[in-house]
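Peer 1: Those sequence lines, one after another, are chains A and B. Note that this note's numbering gives residue 183 to position 183 of the first sequence, counting from 1, and the numbers run on in steps of one. Note that this note's numbering gives residue 404 to position 404 of the second sequence, counting from 1, and the numbers run on in steps of one.
Calculated directly from the structure, the hints in this document are not laboratory data. Some clues are possibly wrong.
Here's a subset of chain A near chain B, in silico, CB distances under 7 Å, partners left out [as the list claims (entries may be wrong)]:
#	residue
1	102
2	125
3	126
4	219
5	246
6	249
7	252
8	253
Some chain A residues close to chain B (C-beta under 8 Å, calculated; not the full set) [claimed, not checked]:
#	residue
9	94
10	124
11	164
12	242
13	288
14	292
15	293
Remember, it's a predicted structure, so these values are computed and weren't measured experimentally. Here a beta-carbon is modelled for each residue, glycine too, at the ideal position from N, C-alpha and C.
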Amino acid sequence: MTRPGPGLLRPGRPAGAGRRGDTPAIVVADLTRRYGDLLALDHVGFTVETGQIVALLGPNGAGKTTAVEILEGYRPRDDGQVSVLGFDPADGGRAYRERIGIVLQTAGFEDEFTVDELLRLQASLYPRRYDPGELAGLVGLADRRRTRVKALSGGQRRRLDLALGLAGRPDLLFLDEPTTGFDPAARRHAWDLIDRLREQGTTILLTTHYIEEAERLADRVAVLRAGRLVAWGRPSELEARCGLPTRLAFRLPDGFTADRLPPMSGVRTVEGADVVVRTHRAVADTRLLTDWAAANHLDLPTLTLTPPGLEDAYLSLTGEPADDHR
Amino acid sequence: MTTDERPAVAERTRPLPHPVRTLTVHALRGFARSPLSAFFTLIFPLAFLVIVSAIVGNGPTGAGVPVAQFLVAPFAVFGVAQATFVVLATDTAGLRERGVLMRLCGTPAPAWTVLAARVSASAVVSVAAVVLLTGVGAGLYGVEVVWRKIPALLVTLALGIACFSALGLAVVALTRTVLVAQTLTQGLLIPLAFISDVFIVGAELPVWLDRLGTALPLRHFAHAMTETFDPAGGYGFRPGDLLVLAAWGVLGAVVAVRRFGWLPRGSATPATPAPAPAAPASRPAGPAPRPIGAGRRTPAALLAGQVRYALISQWRDPLSVFFAVVFPVLLLALFPAVFGAAPVHGLAPAQYLLPGLTAYAIAVAGYVTLPEAVAQARGKGVLKRLRGTPLPLRWYVAGRVGAVLVVSILSTVLLCGVAVLFLDVRLDAARLPAVALAVVLGVACFAALGLAVVALLRSATSLVAITLGTLLPLSFVSDVFPVGDAPLPGWPALIGNLFPLKHLAALLLAATSPAGPDSGIAAGHLAVVAAWTVAALLILRVRGLFRG
C-alpha cells in the first residue's frame, strides 16, 4: 500500500516549491560515531537549508560515507543530534524514506535484470515517482532500457545508480560520489541534471573527491578530516579563510636574472626564467613588480595573478601538500 | 544530451500493488533467469523421479499401488527444501553482498516486505515443484492424487516451506558471504537427504545416524508429505512430525530476526580507517624500485606457479572442495551404513563403492569445478588480463588441469584410506600403478570434457547447471551411486555404457577389486575413456577456449 506518511507528505505537491527558508533540511549537531577505538566522526555539526546543495569533501577514510550513511538511516550514531526533513533518520521509517533518495557508493545490481525492469521496480516502491522512461532519459540511458545490467559499462551502471536514487522524486537526495568513473561528457550531463534538480528545490547532500565538482555545484562545502569537520562555508569563504597566498607568476625577459628583481614580500621560486611569487600582499608586490618592469621598459607578457582556489584551500585544510607546479 | 528546458518530471500517483507483490514478481523473474536454481529445485528432483522409477521398476507394492506413489513426495520434499533453504539463503545472501538489500532498505518499502517477497517467491517455486512431480507421476507412472488428504498436503507443505525458509534466512543471518551461505546450505541438505528418507526410503541406519535424522526437520517433512500421498485410510495429518517442523521453524525465525543484517558484511564496510593524514601516495619517499629477476622463468617454474595459484583459488572456494573431496568420502562412509553389508554384484559394498566414488570425485574436479573456474575467470576479465602478460595461456590451462590432478589424487588417497582403514577394503599393492594410470587418464578425460563445455558455452551462469545436471543423473546409471543389485534396465544401461563415467569406474574397479585382472588394467574401458578424451580435445581444437 502506498499510503503517504502521517501528515508529512501530500502526493502531488510540487517538491520543495516555495519552501526555501522553511526549517532547515538537515541539522546535525555533535554527531559522533566510533568503530572500536577509531573515532570515525568526532562531534560533527552543520546545517543544510532546504534547496541547498552541500558537498562533503575529505580524503579517503575521513568519515564522509559514515556521516552520509547515518543521515540515510543505515547506521546508528553513538552520540549527537540529527534531524533530516524533521525526522530522526534512525527511526524515520517509511515516511522518511518516501521523501529521500539515496545513491550509494558501492551498491550492486541484480545483473540478470534489464535497466527498465529495475527502474520500474524501484519507482513502484514510492508513492510519488518518476516515470521509468523519463528516468532513463534523465540520466542518458534512454537507448539502453532493454539492456540487461550485466551488459552495461561502468559509467552506465553508475548512471543507473543515479536513476534508482531519483526514482522516488526525492525532496532530499544523497549522492555518495555520484560521478566517480564518469567520462567528462557524462559528468557534465550529471551536473546539468543536478542543476535541474536544484531548480526544482531538491536539497542535495553529496560527497565527492573532485574539487571541481564541489566548486561547480555546491552552495556550501564541508571539509572532513579524520572524523572532524575542519571547515564549513561557501567555497569562496573557504578560500578566503584559509589565508593562502596569492600566486604571482611571470617569465623573465631574456638577459634578466632573478637577482635583479625588486625585493617583494612573497616567497619567490625561480625555475629557469619562470618566476612564481606566493604573496599575502598581492597589491603591493604586484605594484613593485610592475613599477620595476616599467622603469626597465620591460613587458611581462605571461604575467598572471591567481587567487587561491578551493583545491588549495582543501589541500591546506586536509593537510595534503599542494602541488608546486601548477 | 537533453536540450529540453522543462524539467522532465512526471507526477504519478495512481495506486500501485503492495510492495510484497511487486517484489515477489521481481524475485520470481530473477529465479526464472537463474538456471542453477531451476535445476536444483525442479529438474533435479524430476530427474531423480524418472531415473529411480526406471531403475526400481514401477510394479505394485504390497498395498497394490505403484512404487512411484511413494517416490513423488520425498523428491518433492527435496525440491521444496532446495527452493526454501538453499536457493532462498543463497539468493538473499547474494543480494546482501551486492548491496541490493541495502538499496531496498533505503526505499519506503518496509524491510519485512523485502524478505516476505523472497519467501513468497520460494513458496511459489516450491508449489511448482510439488505440482510438477505430482503431474509427471500421475501422467507417467499412474500416481494417484489422494483428494481426501489434500488439506493435509497443503498444511504440511505450508509448514515445511515456513520451517525451511526460516532456517534458510537464519543461515543468511549467521554467515557473512554468499559463498559460505551456499556451501553451508547445500552441504547440509544433500547429505541430510540420505539419512532423512528422502533419497533412500527405509534405509537401515546405524543408531547415531538414525537419531541425527530424527532430530532434524527434513525427515519429518518427508514423512509428513509421504503420508499425504499414501492411499491408505485417514486424512493424512501427522501431528508429531508437524510439531517438529514448527519447532525448527520457530528456532530459525528467532535466529533470523535477531541476527539478520541488511548491509554487506565483508571487506566493503565500514569505511576503512584513514591513516594519519600525511605522506601522500603520489610521492614515494625512497628511490624508484629497481627491477629484479633476470631472463625468462623456466616452463617448470611457470607451471608450478600456475598450479599453485589454481589450488589456492580452489581451497578458497569451500563449495567446490565439498563437492569434489568431502562429498564422495561422505558417501563412501554413508552408503554401507545405509544399505547394510549385503554384497553388491558379489563384492562387499565398500569394495564396490570405492571405484565408483573415486571416478565421481575425478569427474567433479575435472568436469564441474575446472570449467566453472575457467568460465568465471573468462567472465571477470581475469583471462583478458593474463593475456596481456607474457605468460602463454596454455600454462594457465595446464596449471588449472594440474590442480585438478592434485585434487583428484588427494581425493583418491582419501577415499582409499577411509576404505582400507575403516571399511575393511583390501588393495593390492602390485596393482597400484593401474590405479594411478586410471586416475591420470580420468583427469585427462574429464578435464578435457570440462574445457570443451567452456569452449561451447558463452555464459558462465548456465555452466554449473549443465555440468552438474549431466553428471549427477549419469552417476545413477554408471555404477557410481548404487541403485540395487539388479542389472539396470534397457535405456539407463545404454546411457551408462555410452558415456565415460561408467568406464572410468570400471577401470578403477579392475584396479582395486580382488576379482580384477592381474595387471589391473581393463583394456576395453580404457579405450572408451581415451576416445572421449580425444573427442573433447578435438572440440577444444575446433572451438578454441577463449572465444567470446
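Peer 1: Give a verdict on every hint.
Peer 2: Hints and how they fare:
1. Taking 7 Å as the C-beta cut-off, the interface hint given for residue 102 of chain A holds, the closest approach to chain B being about 4 Å.
2. Taking 7 Å as the C-beta contact cut-off toward chain B, the hint placing residue 125 of chain A at the interface holds, the least distance being around 4 Å.
3. For residue 126 of chain A, the interface hint holds, the least distance from its beta-carbon to any beta-carbon of chain B being 6 Å, beneath 7 Å.
4. For residue 219 of chain A, the interface hint is violated, the least distance from its beta-carbon to any beta-carbon of chain B being 19 Å, above 7 Å.
5. With a cut of 7 Å, the hint placing residue 246 of chain A at the interface with chain B is violated, because the nearest CB-to-CB distance is about 24 Å.
6. Checking residue 249 of chain A against chain B: minimum C-beta separation of about 23 Å lies over 7 Å; hint violated.
7. Interface restraint check for residue 252 of chain A: the shortest CB-CB distance to chain B comes to about 29 Å, outside 7 Å, so the restraint is violated.
8. Interface restraint check: residue 253 of chain A against chain B, minimum CB-CB distance 34 Å, threshold 7 Å, status violated.
9. Among the interface hints, the one on residue 94 of chain A holds; its C-beta lies about 5 Å from the nearest C-beta in chain B, closer than the 8 Å criterion.
10. Of the supplied interface hints, the one on residue 124 of chain A holds, with its beta-carbon coming within about 5 Å of a beta-carbon of chain B, less than 8 Å.
11. Of the supplied interface hints, the one on residue 164 of chain A holds, with its beta-carbon coming within about 7 Å of a beta-carbon of chain B, less than 8 Å.
12. Restraint check, residue 242 of chain A versus chain B: the minimum CB separation of about 16 Å is more than 8 Å; hint violated.
13. Using the Cβ-Cβ criterion of 8 Å, the hint placing residue 288 of chain A at the interface with chain B is not satisfied: the shortest such distance is roughly 34 Å.
14. Below 8 Å, beta-carbon pairs count as interface contacts, and residue 292 of chain A has none with chain B, the closest being about 36 Å; its hint is therefore violated.
15. Violation of the interface hint for residue 293 of chain A is found here, the shortest Cβ-Cβ separation to chain B being roughly 36 Å, above the 8 Å cut-off.
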